[in-house]
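Note that the protein sequences, when read in sequence, are chains P and B. Heads up: the first sequence begins at 1 in this note's numbering, then just goes up one per residue. Heads up: the second sequence begins at 155 in this note's numbering, then just goes up one per residue.
I should point out that these hints are in silico values taken from the structure, not numbers from a laboratory. Beta carbons are placed, not taken as given, at the ideal position from N, Cα and C, and that holds for glycine. Heads up, a few of these hints could be off.
Far from chain B, by Cβ distances over 12 Å, these chain P residues were calculated [claimed, not checked]:
| # | residue |
| --- | --- |
| 1 | ARG29 |
| 2 | ASP91 |
| 3 | LYS93 |
| 4 | GLY95 |
Only some residues are given here: those of chain P computed to face chain B with a beta carbon under 8 Å [as the list claims (entries may be wrong)]:
| # | residue |
| --- | --- |
| 5 | LEU34 |
| 6 | THR45 |
| 7 | VAL51 |
| 8 | ALA73 |
| 9 | HIS114 |
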Amino acid sequence: MNMAKTIAILLALTSLSLLDGCLHIDTPRGFVELDDAGEYNYRSTSATGVVLAVRTEDSRKDEGGDLGFWSEAVTRKVRRLGGYALLEERDVKTGKGLAGKQLRFGHDRNQRPHHYWVTLFIDGDDLHVVEAGGPKEAFTELEEGLEKAIASLR
Amino acid sequence: MNDRVPRPIMTLLLVASLFGACGPGRSDHAPAPPAGLHAMSATSGSMAAPQATEELYAVDDLDYESPMELEGELLRHRVDNAAAPAPPPPAAAKQAPAKQKSAMPDGPRAKPSAERGPLLVYEAWLQLAVYEVEQQQRKVIELAESLDGFLQKQDARQLIVRVPASRFKEALEAIEAIGDLRGRQVQTHDVTEEFRDIQTRLDSARKVRKRLLELLDKAVNVEESLAIERELERLLKEIERMEGKLKFLSDRIAFSTITVGFSPIAEETPADDVTLPFPWLDGLGLRNLTEL
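The shape of chain P in the complex, shown without the other chains (with noise of 0.2 Å):
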């Protein structure tokens, strides 16, 4: 019974540990992370305005979504809300060797040029899109931490 009671425990251990693994992402330093994530999973913000945030969404795999889908559709979708420009894409990978698409957008905001990153990764059914966005000079000054902590996605 002890037994049973024990891998029960245990199962139900495995089982909530590989739903919190579902998404994990390092913090940069320099950042907080909110207890109120939002419409997102996971979102973390710099003294200095700069914000981190993640969302997992179905990848449509089976049905033909990847990375080329669904960079496009993001690709379009910015540029369409208004005052947007692509100014790099860029392929990335996360330390566990997931690939990714990372498309950098620049965009004034209050008269203030401020950075947009997206960055897409497929992992299975699930899609994670990373957004990091914030003022050019704090986003600048954080930019190392924040490639860091989007490799650290897992």
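Based on the hints, put chain B in the right spot on chain P.
Frame of chain P, contents of chain B only:
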């Protein structure tokens, strides 16, 4: 007055008066455009750039005396009724065309020819969405200057550059590549008839003026002189006006105008053209991300 002013003078004054009253009418017998005007390859409404339009500025070097020279001549006549040589024109009158021409690309002077193409004015309006508007505006200005053009006007959201007509298309393509092109309008105005009409009337006015000056030298009394001078002064104003208009048109023909507007800053409005069935896409953007 009729008894005292000889009939030929009265006739000429009448002709001059009629000329002045004509206003900016059109001439069906458009004469040849001034020396230096070349036929352009572009046709109205087309996007093809004209060729050798910089030579249009040779209009400034036409063989005519400036209005200031005429004014000097009138003054001379008033001071000394004798047929003394006309004083040299004021320095400003000599420098004005030279100064304007210095901004133009050098080109061979054309000989008058019966075969001439249309005189076209090119204008374009571009709307660009760009990142960091100030930087991109600098790029547009540098680009215009590299094409021998110049900045005409600039404000936070818009700038106007002028480029040689021969490089209009090249400039348009280069500016469009600077940002996301959101709107584009190109217009071509054919000013051939207007230009040649003014030129015709200007030539006629100069001939009348020449005749009046000859009569002024032959005037035998003060009353005759005053009547001729009054006509000459009126004619001077008319000539100045037409010369100004010709210079304005020449400038518009030689240098095309490109107005570049920049997208309103950070007005994130939802897209309304293509909507994919993935609601999370609507949450993208800095506004959502940074709204804590």
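So, going through the hints one by one against the coordinates:
1. Chain B leaves ARG29 (chain P) outside its interface by the beta-carbon criterion, the shortest separation being 19 Å against a cut-off of 12 Å.
2. With a minimum CB-CB distance of about 20 Å to chain B, ASP91 (chain P) clears the 12 Å threshold, and the non-interface call stands.
3. With a closest Cβ-Cβ approach of about 23 Å to chain B, LYS93 (chain P) is found to remain outside the 12 Å limit, as its non-interface label requires.
4. Every C-beta of chain B lies more than 12 Å from that of GLY95 (chain P), the closest at about 24 Å, which supports listing it as non-interface.
5. This hint holds: LEU34 (chain P) has a C-beta 7 Å from the nearest C-beta of chain B, less than the 8 Å allowed.
6. Against a cut-off of 8 Å between C-beta atoms, the interface hint on THR45 (chain P) holds, since the closest Cβ of chain B lies about 6 Å away.
7. Given the 8 Å rule on beta carbons, the hint for VAL51 (chain P) holds: about 5 Å separates it from the nearest Cβ of chain B.
8. Given hint, ALA73 (chain P) at the interface with chain B, holds; its Cβ is 6 Å from that chain's nearest Cβ, closer than 8 Å.
9. A hinted interface residue such as HIS114 (chain P) counts as satisfied when its beta carbon comes closer than 8 Å to some beta carbon of chain B; here the least separation is about 6 Å, so the hint holds.
Going down the numbered hints, you'll see the structure goes against none, and every one checks out.
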